[in-house]
Every structure is written in structure tokens, then in C-alpha cells.
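**Student:** Listed below, chain by chain, are the residues.
2 protein chains.
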Amino acid sequence: MGNVDLQCGLRLRGAQLAYQTYGELNARKDNVIVFPTFFGSQHPANEPMIGPGMALDPTRYFIIIPNLFGNGLSSSPSNTPEPYGRARFPRVTYYDNIGFQHRLVTEQFGVERIALVCGFSMGAQQTFHWGALYPDMVERIAPWCGSAKTARHNFVFLEGVKSALCADDAWQGGWYDSPPAKGLRAMSRVYAGWAPSQAFYREKVYLDLGFSSLEDYLITAWEGRYLQQDANNILAMVATWQAGDISDNPLYGGDFAKALGSIKARAFVMPSRTDQYFPPEDNEIEVSMMPNADLRVIETIWGHTGGGPGRNPADTAFIDAQLKELLAS
Amino acid sequence: MGNVDLQCGLRLRGAQLAYQTYGELNARKDNVIVFPTFFGSQHPANEPMIGPGMALDPTRYFIIIPNLFGNGLSSSPSNTPEPYGRARFPRVTYYDNIGFQHRLVTEQFGVERIALVCGFSMGAQQTFHWGALYPDMVERIAPWCGSAKTARHNFVFLEGVKSALCADDAWQGGWYDSPPAKGLRAMSRVYAGWAPSQAFYREKVYLDLGFSSLEDYLITAWEGRYLQQDANNILAMVATWQAGDISDNPLYGGDFAKALGSIKARAFVMPSRTDQYFPPEDNEIEVSMMPNADLRVIETIWGHTGGGPGRNPADTAFIDAQLKELLAS
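Heads up: the sequence lines are chains A and B, in that order.
Here full-length UniProt numbering is used: position 196 in the first sequence is 196, and no number is missing along the way.
Here full-length UniProt numbering is used: position 69 in the second sequence is 69, and no number is missing along the way.
Calculated from the structure, these hints are not laboratory results.
These numbers come from a predicted model, not from an experiment.
Be aware that a few hints might be false.
[Claimed, not checked] Listed next, the stretches of chain A that the computed footprint assigns to chain B, with coverage defined by at least 3 CB atoms under 8 angstroms from CB atoms of chain B:
{"hint": "1", "segment": "55-69"}
{"hint": "2", "segment": "191-201"}
{"hint": "3", "segment": "278-291"}
[What the hints assert, rightly or not] Derived DSS-like pairs (lysine-lysine); straight-line CA-CA distance at most 30 angstroms:
{"hint": "4", "chain 1": "A", "residue 1": "264", "chain 2": "A", "residue 2": "29"}
{"hint": "5", "chain 1": "A", "residue 1": "182", "chain 2": "A", "residue 2": "204"}
{"hint": "6", "chain 1": "B", "residue 1": "204", "chain 2": "A", "residue 2": "149"}
{"hint": "7", "chain 1": "A", "residue 1": "324", "chain 2": "A", "residue 2": "258"}
{"hint": "8", "chain 1": "A", "residue 1": "204", "chain 2": "B", "residue 2": "258"}
{"hint": "9", "chain 1": "A", "residue 1": "182", "chain 2": "B", "residue 2": "258"}
{"hint": "10", "chain 1": "A", "residue 1": "258", "chain 2": "B", "residue 2": "204"}
{"hint": "11", "chain 1": "A", "residue 1": "264", "chain 2": "A", "residue 2": "324"}
{"hint": "12", "chain 1": "B", "residue 1": "29", "chain 2": "B", "residue 2": "264"}
{"hint": "13", "chain 1": "A", "residue 1": "258", "chain 2": "A", "residue 2": "149"}
{"hint": "14", "chain 1": "A", "residue 1": "204", "chain 2": "B", "residue 2": "324"}
{"hint": "15", "chain 1": "B", "residue 1": "182", "chain 2": "B", "residue 2": "204"}
{"hint": "16", "chain 1": "B", "residue 1": "149", "chain 2": "B", "residue 2": "324"}
{"hint": "17", "chain 1": "A", "residue 1": "149", "chain 2": "A", "residue 2": "324"}
{"hint": "18", "chain 1": "A", "residue 1": "324", "chain 2": "A", "residue 2": "182"}
[As the list claims (entries may be wrong)] Here are some, though not all, of the chain B residues that point toward chain A, as calculated from beta-carbon distances under 8 angstroms:
{"hint": "19", "residue": "160"}
{"hint": "20", "residue": "163"}
{"hint": "21", "residue": "164"}
{"hint": "22", "residue": "182"}
{"hint": "23", "residue": "185"}
{"hint": "24", "residue": "190"}
{"hint": "25", "residue": "198"}
{"hint": "26", "residue": "202"}
{"hint": "27", "residue": "281"}
We put the CB at the ideal spot given by N, CA and C, even for glycine.
Using the sequences and the accompanying hints, generate a full structural model.
**Tutor:** Below you can see the structure in the form of C-alpha cells.
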């Protein structure tokens, strides 16, 4: 990306936007789908939603997955050279990210219209931002398990995640040489309470998933996941998430109702019924202020995780069906 | 209590059960109410539910508040002499606690019938235990914001709380000389996401409570609360909570349905509609297996905290009204 000026006022030099594409851009350049990544993930984690016969069909659409800044592939604390590396990595907002993605789509591919922007969780929040920031360019949006603005409760949940990670002295304010494993394990256990649902644990779904016990699930699925990640990268993504707000930018100046009202795209907004930090209520309020939006609730006991691409076949199939309907509209 | 043998197999010597009474025991000894304490609290925290004209009227009833082991007044890591002090404090279960409370009631006061056992949160869990362990002695029970068995999701929430506290090196495996302040602050922020509700934060109820901002609420109400507490005491109470199960004892041998079915007391079970870790669903299941129980949901956006004695006047009034009805039955 070259040198980019961020919303926080800092300049990131030699910024990198990593992306992956699927399918071919057609001659009319009207078959574009943008599918941003979610927290703690890179583009392969989105791939279970892509395939022949699925809504995101690469034989028909040109699908671009841009990697979120901080995720370890795009510019991140872990891959940015000094003096902006590690703990000094600047706060990057969704506004920054979507601006970069817009440059990718327009400058790299010469695309002027996007058939669909969709995504899960932080990908959903990026989707909302696309709709609000480029209302004349985006024809459809399908955010699932995410909101246009990070709710205060969601913010507090993330305070717990951050605090658990940073309570480990080995974190050293971000200047660690070896990973703060104890803090990463602690935040994993905090996260494990939030991402599934009460009913997920009540029904012992983790056993169906092949874990030997609740404790094995906590160690393998949760500690195992975050131990692989860089602590500063995690914190960079959390910072983006906590600041999420489609109106917190020069275009809308904090007028959230105006930002929601400006989304021209046909929208299917899909919360999970049992999501503990992106609950359906927040989306209901948002949809009521959007001119062209439907609320389609994912009826699942998987909580937030139900929306994870390919995580739960039934929920993935539901989301895929909604995407097909939306694309056909 | 003298020397007490615990369910875990250890013997606590010179065990102390701290309690407070309100009102007078009448001649027939039939006006007794037992009102156990909740997590991180001591008997004064229950007092807002007690007063002339309230259900728990000390001019009419003899109200006993026994302090939970681990709470800093009854035997706890912080007040138990070596070799069983600090990190070596044994795991004390609800079964142990209720056995001690039974000794208090019978040996100290010669009481054979209890008109009502009631309590909030861990106090509710103790209430369920009273009903199951002494079914011929307890006439009524009113547990609110608590369950007869700690749900797995609830267990995982507590794993997050524990992990955040213990991620601080200053905890030193429980052998700290000065408090692990960073860990206490971290667990406070984890807790802050769980105890209220999504709607509590959406509606900014913390401003109505006199805090200047969300961050002031997190620091003052949450960090301020747990910084005052001993870390090992907190962990002792969490251990009791995580192991909560009215059937995990010699009387029921793990047969949860049998334990619930054995509760003869007339029961009003009162979950908060928006409780994130003692959700109404868990109580619904329990009530369906109890022979003489009603589910009375506290319709509140305060989440778990709505049930805290005196916290929210409307919720306290609702609970008080149910207690009056139950006592009149």
C-alpha cells in the first residue's frame, strides 16, 4: 500500500494488505464479492463458505478476501519493521481497513461496483463499514454475528480478554521476546465462556466435536488456538474491534443514525440467536434504522461460534441459503 | 466448630462459622429463616433484604445469616492458621457448608424446623442444598439467581475469572505476601462483562448509579470491589461454586434428579431474565424435576446483579414480594 496515514494520526510506511482471490473477474466487472476476515483468523478460515454450488461460488463470482490489519498477514505488530513494530504498532480502525480494501478493489482490479460484501463477526463489522462508507458502490451486504457499532457490553467483554492476557508479567507491555503463554492461556479461558453459548455447554456439544471432555475442549480448542497467535496481534485486532463504529469518521462525524440510514445496499443482517456479545437485540436496533435491511436470525445454540465459516454445518447452510437469496435479489 | 472433616478428606482444625442473627427466636422455635451469603460478600451484604415491613422482618422472624467458608469471616485462606492457611486451604463444598450451618441451627439454637431458607447466587446454591440435604427440616426455600447444580457454562465463566487472577505472577501460586493487584484488576474486568447484562450496558445504567463513565464504573465498582479481597479467599469461594451440585454427596451419590425430587420444601425459584451465568433455562429444568416448586422470573435488565440485595430497588421489591407470598403459604 505504500505509506498510509491512519485515522489515529500516525503514518504506517510500507503498509501491506494481504489478500486472496477466488474465481475470475468477468469482463463487466460486476461479479465481485468482498469477504473480510474475522478476529484471530486469516483468509483460509473464510474458505468453508466458498465453493461450487454455494452462494459464494467461484465459478460465478470473483471473491476477494482481504486480511484484516493486525491478523499477521496484512500489516501487524508481528510483521511491521521498527520503529512501528510490536508494542508500537498503531491503532488501525475499521475506517482505515475499509479504505485500504477500497484501494485494493478499485486500484488493483478497476472495480466500481461490488455485488456483495459479507462477513462473520469482525468481518461483519467490516461489512457494515463498507455499506456505510461506500453506499453507491456496494449493492448488497450480509453481515452475520456482528454489529455496525461495538456495543458497550461487547467492549467490556473485550476488556476482560485483554486484561487476562496483559496480567501475565511475561507480556512486558508488549515487549516480550518469548510469548506470554500464561496470559494467552488465561485469555483463552475467558474467551471460551463467551464464544459458545450456555446451551452449547449444557448440551455438551464439545463432545460431538470430538473433544474428550470439557477440560480437553478448553485446552485444545481454546488454549491451543490462541497460543499459536502473537499477543500484540491479538491486542491490535481487539483495539480495532473495540473502536468499531460506522459513524466514527469524517463522513458521519459520530452520527450513528445517519450512518445507518446512508446504507443503500440491500442488507440481510444475521445475528445468532444465542450470541452473547453480538446479541440479536443490537442488530434489531440497527436494522430498524437501515432503509433496506432484513433481520434474519440464525437459530442455533452454538452462540457466536455458530457463525464461524464451516464450524457448524447447519448454521453454515442457513447462512449460505440467505446469501443465495440475497444474491438473487 | 472444633475439628471438622471435609468432603475432600482433609480435616480443618478449629474451624470457625461466623454468623449474625436478627430478631428473636420465639418459644416454639418456628420462626427461623436462614439466609446464606453470596460470592465475595459477608453477612452485612444481605442486610438490605431485612427490615420491619419486609418479608424478612426481624420483629417477626429469627433470621440467621451464616457466612460462607472462604468469605474472610468464616474459616478462609486469609484467617486459617498454618499448616492449612493461604494456598493450602482445603476445598470446602456446599455440602460441607450446609452441614456446618445445620450444626449451628440445631446445636446452637435447638431449632428443628426452618420456615425458610433463601439466598442470592451462591446463597441460592446453598439454599438448594439445604432443601435437598434436610428435606424434612426445611419448609420453604427461595433461591434466586442461582442453581442447584453449577452449569458447565457457569463453570467455564469461572475458569476465565480464575485464569485472569492467576495469570499475575504476583499471585505466586497463592503464596503472595502482597496482593496480586494486577490479577485482581484483571479478574474484575472479566467479571464486569458477566454480572450485569447486555441491556444494562446498552442503557448505560451505570450512569444512573452515579459513575462518571463506563471506565469509571469498571475501575470503581469492579476493580475497587475485588482489590479489597484476598485472592486466595476468592479462589476458595470459586472452588466451592464450581463444585456446586446438590447430588454430589453420600446422600444422593450423583443422582441429580433424585436430589431435586427429594426437596419437599415449597419452593419459589427466581432467576433473573437476563442473568448470563445462572440463566432462567437452568432453573426451568430444575423446577420441572422438583415436586413443589414455582419458577418466578425476575424481569430485569440488571442481569445477575439485579438479584443483589438492595442493588436495584425494583428487583429487590419483586423478590421481597415473592418472599412474602411464600412465607404466607
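**Student:** None of the hints should be skipped; say for each whether it holds.
**Tutor:** For each hint, the structure was consulted:
Given as covered by chain B, the segment 55-69 of chain A fails the check, having 0 residues with a CB less than 8 angstroms from a CB of that chain where 3 are the minimum. Note: the segment 191-201 of chain A has 10 residues with beta-carbon separation from chain B under 8 angstroms; the three-residue rule is met and the coverage holds. Beta-carbon proximity to chain B at under 8 angstroms applies to 3 residues in the segment 278-291 of chain A; the threshold of 3 is reached and the given coverage holds. With a C-alpha separation of about 20 angstroms, the suggested pairing of residue 264 of chain A with residue 29 of chain A holds against the 30 angstroms cut-off.
Distance hint between residue 182 of chain A and residue 204 of chain A is fulfilled; the C-alpha atoms sit about 26 angstroms from each other, no more than 30 angstroms. As the CA atoms of residue 204 of chain B and residue 149 of chain A are separated by approximately 15 angstroms, the hinted pair is consistent with the 30 angstroms bound. About 29 angstroms separates the Cα atoms of residue 324 of chain A and residue 258 of chain A, which keeps this hinted pair within 30 angstroms; it holds. About 22 angstroms separates the Cα atoms of residue 204 of chain A and residue 258 of chain B, which keeps this hinted pair within 30 angstroms; it holds.
Of the supplied pair hints, the one linking residue 182 of chain A and residue 258 of chain B is violated, its CA atoms being roughly 41 angstroms apart against a limit of 30 angstroms. Pair hint residue 258 of chain A plus residue 204 of chain B holds up; C-alpha atoms about 22 angstroms apart against a cutoff of 30 angstroms. Under the criterion of a C-alpha separation no larger than 30 angstroms, the hint pairing residue 264 of chain A with residue 324 of chain A is consistent with the structure, at around 19 angstroms. This hinted pair checks out: residue 29 of chain B and residue 264 of chain B have alpha carbons roughly 20 angstroms apart, not beyond 30 angstroms.
Among the hinted pairs, residue 258 of chain A with residue 149 of chain A is consistent with the structure: their alpha-carbon atoms are about 13 angstroms apart, no more than 30 angstroms. For the proposed pair residue 204 of chain A and residue 324 of chain B, the alpha carbon gap of about 38 angstroms is over 30 angstroms, so the pair is violated. Simply put, residue 182 of chain B and residue 204 of chain B have alpha-carbon atoms about 26 angstroms apart, close enough for the 30 angstroms limit, and the pair holds. About 26 angstroms separates the Cα atoms of residue 149 of chain B and residue 324 of chain B, which keeps this hinted pair within 30 angstroms; it holds.
Restraint check: the Cα-Cα separation between residue 149 of chain A and residue 324 of chain A comes to about 26 angstroms, which is no more than 30 angstroms; the hinted pair holds. For the hint linking residue 324 of chain A to residue 182 of chain A, the alpha-carbon distance of about 43 angstroms lies beyond 30 angstroms, and the restraint is violated. Hint on residue 160 of chain B holds. Least Cβ distance to chain A is approximately 4 angstroms, under the 8 angstroms limit. The interface hint given for residue 163 of chain B is met, as the beta carbon of that residue sits about 4 angstroms from the closest beta carbon of chain A, less than 8 angstroms.
The beta carbon of residue 164 of chain B is positioned within 8 angstroms of a beta carbon in chain A (closest approach about 4 angstroms), and the interface hint is therefore held. Taking 8 angstroms as the C-beta contact cut-off toward chain A, the hint placing residue 182 of chain B at the interface holds, the least distance being around 5 angstroms. For residue 185 of chain B, the interface hint holds, the least distance from its beta-carbon to any beta-carbon of chain A being 7 angstroms, beneath 8 angstroms. The beta carbon of residue 190 of chain B comes within 4 angstroms of a beta carbon in chain A, closer than 8 angstroms, and the hint placing it at the interface holds.
At its closest, the beta carbon of residue 198 of chain B sits 4 angstroms from a beta carbon of chain A; the interface hint therefore holds under the 8 angstroms criterion. Because the beta carbon of residue 202 of chain B sits about 6 angstroms from the nearest beta carbon in chain A, less than 8 angstroms, this interface hint is met. Hint status for residue 281 of chain B: holds, given a least beta-carbon distance of 7 angstroms to chain A, under 8 angstroms.
Violated hints, listed in ascending order, are 1, 9, 14, 18; each of the other numbered hints is respected by the structure.
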